[in-house]
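Using the sequences provided together with the hints, build the complete structure.
So the chains spell out like this:
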Amino acid sequence: MIQLGSYCVYLALAVTALAGALGALAVWKKRRDLTDAARNAILVAAGFTTLAVAGLLYALLVGDYQIQYVWQNSDRSMSLFYKLGALWGGQSGSILFWGWLMSLYAVGVVIRHRNDPDEIVAPALTTLMFIQGFFLTLVGFVARPYTRGAFIPPDGNGLNPLLQHPIMTIHPPMLYLGFVGMAVPFAFAIGALVSGRLGNEWIKRIRFWAILAWLFLAAGNVLGARWAYVELGWGGYWAWDPVENAAFMPWLVGTAFLHSVIIQERRGMFKVWNMLLVMTAFILTITGTFITRSGIVSSVHAFAQSSIGAWFAAFLTFLIVASIGLIVWRRGSMRSENNLDSLVSREAGFLLNNLILLGGAFTVLLGTFFPILSEAVRHVKVSLGPPYFNTIMTPIGLALLLLVGLGPVIAWKRMSLSGLWKALSLPVVIAVAAAGVLVIFGVRHAYALVTFALCAMVLMTIVGEFVRGVRARRALGYAHESIPVAMGRLIWRQPRRYGGSIVHIGVVMMFIGFAGAAFIGEWEAKSLNPGAKFNAGGYDLTFQGLEESASPDVETVKADVLVSRHGHDLFRLTPHRNWYRKAEQLSTEVAIYSTWRHDLYVILADLDDTGHASFKVYINPLVNWFWWGGLVMCLGGILVLLPPKQRMAG
Amino acid sequence: MTVLVWILLILLVGIGLGFIAMPLVRARGGGSPGQADERREALREKEGALQLLRDLEQDHRTGKLEPEDYAVLRPEAEARAIAAMKRCDGLAAETGADVEDPIERAIRLERVRLERGASR
Numbered sequence: 000m001i002q003l004g005s006y007c008v009y010l011a012l013a014v015t016a017l018a019g020a021l022g023a024l025a026v027w028k029k030r031r032d033l034t035d036a037a038r039n040a041i042l043v044a045a046g047f048t049t050l051a052v053a054g055l056l057y058a059l060l061v062g063d064y065q066i067q068y069v070w071q072n073s074d075r076s077m078s079l080f081y082k083l084g085a086l087w088g089g090q091s092g093s094i095l096f097w098g099w100l101m102s103l104y105a106v107g108v109v110i111r112h113r114n115d116p117d118e119i120v121a122p123a124l125t126t127l128m129f130i131q132g133f134f135l136t137l138v139g140f141v142a143r144p145y146t147r148g149a150f151i152p153p154d155g156n157g158l159n160p161l162l163q164h165p166i167m168t169i170h171p172p173m174l175y176l177g178f179v180g181m182a183v184p185f186a187f188a189i190g191a192l193v194s195g196r197l198g199n200e201w202i203k204r205i206r207f208w209a210i211l212a213w214l215f216l217a218a219g220n221v222l223g224a225r226w227a228y229v230e231l232g233w234g235g236y237w238a239w240d241p242v243e244n245a246a247f248m249p250w251l252v253g254t255a256f257l258h259s260v261i262i263q264e265r266r267g268m269f270k271v272w273n274m275l276l277v278m279t280a281f282i283l284t285i286t287g288t289f290i291t292r293s294g295i296v297s298s299v300h301a302f303a304q305s306s307i308g309a310w311f312a313a314f315l316t317f318l319i320v321a322s323i324g325l326i327v328w329r330r331g332s333m334r335s336e337n338n339l340d341s342l343v344s345r346e347a348g349f350l351l352n353n354l355i356l357l358g359g360a361f362t363v364l365l366g367t368f369f370p371i372l373s374e375a376v377r378h379v380k381v382s383l384g385p386p387y388f389n390t391i392m393t394p395i396g397l398a399l400l401l402l403v404g405l406g407p408v409i410a411w412k413r414m415s416l417s418g419l420w421k422a423l424s425l426p427v428v429i430a431v432a433a434a435g436v437l438v439i440f441g442v443r444h445a446y447a448l449v450t451f452a453l454c455a456m457v458l459m460t461i462v463g464e465f466v467r468g469v470r471a472r473r474a475l476g477y478a479h480e481s482i483p484v485a486m487g488r489l490i491w492r493q494p495r496r497y498g499g500s501i502v503h504i505g506v507v508m509m510f511i512g513f514a515g516a517a518f519i520g521e522w523e524a525k526s527l528n529p530g531a532k533f534n535a536g537g538y539d540l541t542f543q544g545l546e547e548s549a550s551p552d553v554e555t556v557k558a559d560v561l562v563s564r565h566g567h568d569l570f571r572l573t574p575h576r577n578w579y580r581k582a583e584q585l586s587t588e589v590a591i592y593s594t595w596r597h598d599l600y601v602i603l604a605d606l607d608d609t610g611h612a613s614f615k616v617y618i619n620p621l622v623n624w625f626w627w628g629g630l631v632m633c634l635g636g637i638l639v640l641l642p643p644k645q646r647m648a649g
Numbered sequence: 000m001t002v003l004v005w006i007l008l009i010l011l012v013g014i015g016l017g018f019i020a021m022p023l024v025r026a027r028g029g030g031s032p033g034q035a036d037e038r039r040e041a042l043r044e045k046e047g048a049l050q051l052l053r054d055l056e057q058d059h060r061t062g063k064l065e066p067e068d069y070a071v072l073r074p075e076a077e078a079r080a081i082a083a084m085k086r087c088d089g090l091a092a093e094t095g096a097d098v099e100d101p102i103e104r105a106i107r108l109e110r111v112r113l114e115r116g117a118s119r
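Line by line, the protein sequences give chains S and R.
For the first sequence, numbering that gives the first Met the number 0 assigns the number 0 to the initial residue and increments by one for each residue that follows.
For the second sequence, numbering that gives the first Met the number 0 assigns the number 0 to the initial residue and increments by one for each residue that follows.
Calculated directly from the structure, the hints in this document are not laboratory data.
Wrong hints could be hidden among the right ones.
Capping the alpha-carbon separation at 27 Å, the derived lysine-lysine pairs in BS3-like fashion look like this [what the hints assert, rightly or not]: (1) K45(R) x K644(S); (2) K85(R) x K421(S); (3) K525(S) x K557(S); (4) K557(S) x K45(R); (5) K203(S) x K85(R); (6) K45(R) x K29(S).
With beta-carbon atoms standing in for the labels, derived distance ranges [as the list claims (entries may be wrong)]: (7) R39(R) x V379(S): 57 to 63 Å; (8) L103(S) x K85(R): 39 to 45 Å; (9) L351(S) x V71(R): 22 to 28 Å; (10) N159(S) x I9(R): 37 to 43 Å; (11) R39(R) x I371(S): 57 to 63 Å.
Every value quoted in this text rests on a predicted model; they were computed, and no experiment measured them.
Think of the CB as a built atom: it goes at the ideal place given N, C-alpha and C, for glycine as much as any other residue.
Right, here's the structure in full:
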């Protein structure tokens, strides 16, 4: 298996190199047969990469411990589901997984763009093969999954217990699909620059891929936050950890790109912006991979430190230099067809959107790399934590939320201030009223008030968008339709526009969740005897006792907690602690009771030998708005992927 | 590694290389690839121009485009759409792609070739 797997990797690399060479030759010689040969080579490379992955997966499933990667990342007690997750759980497996996903995306590009002009497709395919070749080179020579161990152990080490959670099996593939997916728009951008075809053709081609990558990144980020919330047991879901930031930054820039391309399509503006944004988004995915794998920044999520960082640094440098060089070379062909007519215009709004999102990404990048910068300058590693990120990102987030509200109402080209006020007056009144009601009910936190007010305003503008759309549809002769039917047909006919509105509704819901975080309550109860009661956030929690259990791999202690209110028993929660013998690792499993208003989040914080238990309890107001908002955002993203229907009628 | 696996690997490599080389040894049938590319590009441009017109209409109806700006942008978008449609029709006529009957198509192509030859 080791030899077969290794040969599949080397063959995949060789055919990838051949595909890249054929593509480059096709660009140079302008020959269709060379492009076709490159396409076929991409399919063959994907085949060999798939065999390499299948081999490693088989080895994991059957427990072939002669392969070092298999015994390092799995053991006999793991379920099939977690053995699958072990494929990307370790360094070299995850890089092979990346290379495989790249090959699948390349096949997707070959199929979807089989009839597109070679001028654009050939350089794009060559670029994809260059990226794929890099990852396969790593797999073949630097981080090799098919390495024989010094001996064959009777059982493996197993997967890190923290990773043995369903979400943690799904979250990495989602993120990888997003990271790798960003390579496709990047490749087409390179194709456009190389071919000189810098009109809207390349934008239209990459729209599907850019949205797909964005969607996977969104889903991956939300899933990662959910895992942190339920597994790490600190009451929160986002700690601005470097690995979290690594996935967040390309999503921010990708968001900017998806909005900015609308301007190029409609007005022929922002051409250089769009080129920079799409390249930056991909470069940030490589930067994120560099952060995760090089060990230069410490993180709870990071892979072990290795020499692979130097390879990524070199690759990153090449990408940055090549991208900038190509943009500078073709800058003359990317002049705007129109100028900004007014600062009160949709174009200006999108420009501000770009600046704010890029500013946010830069803030996160600076904060993530600050330890390295401080060490280089002052020989002291200084880490920036949540206070830095929250202080800067909160106003950035609120500014973005405001733009989400303004976007639907601001006109193209120019809008008078009176016209803007007319469009915004009702949403602003609603916002002020919402803030007023909250103040009356005792809410005094400034940021929370502003957030809730903006959320109310934005929701009103989105509702207004749907109302205007339904009215316009009725004016076209569909007055007989009921409102739900009209709305459904509106969304179906124009999924890009109204799918975007649904994405924005999801964003508003997530901001409601953020605002709730300002009111988190925290309680501690230490060294409780069974039968002891304590109060947390209006709930009475009675510690009933402990229950111990053990399996060959795990020792578990569960605490039985009865939750009541005003003397009425409501439900039971069982937070517990697991001791994983093989990994010699302790993990806490929180118990959560969720409602739309808040989560009651209970942690079994400590146990002593005499059976006394200590608890930590959080009340997390509105946190479920964040999770449901994430789901709505992703559903909206799926709608945006759908092609528009040809006519308004019907 | 067993002999069988080696044979399988060699077979896969052989099939793979053959598949890659196929376009290089096989002549492509049908019309000139350049013309087919041009037709598809023209069609894509036409679809894009028509979508732009639809978007302008929707923005105008929902009040996101001021009437004065709509009066300027609409003719520009219409002109773009008409030019794209003319280009599509012209390319279709040149290649006979709009003609379903193969004999008629061959006659049309021959006629275009003769006309081009006469005009030189």
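Mind listing which of the numbered hints don't hold for this structure, in increasing order?
-> 2, 4, 11
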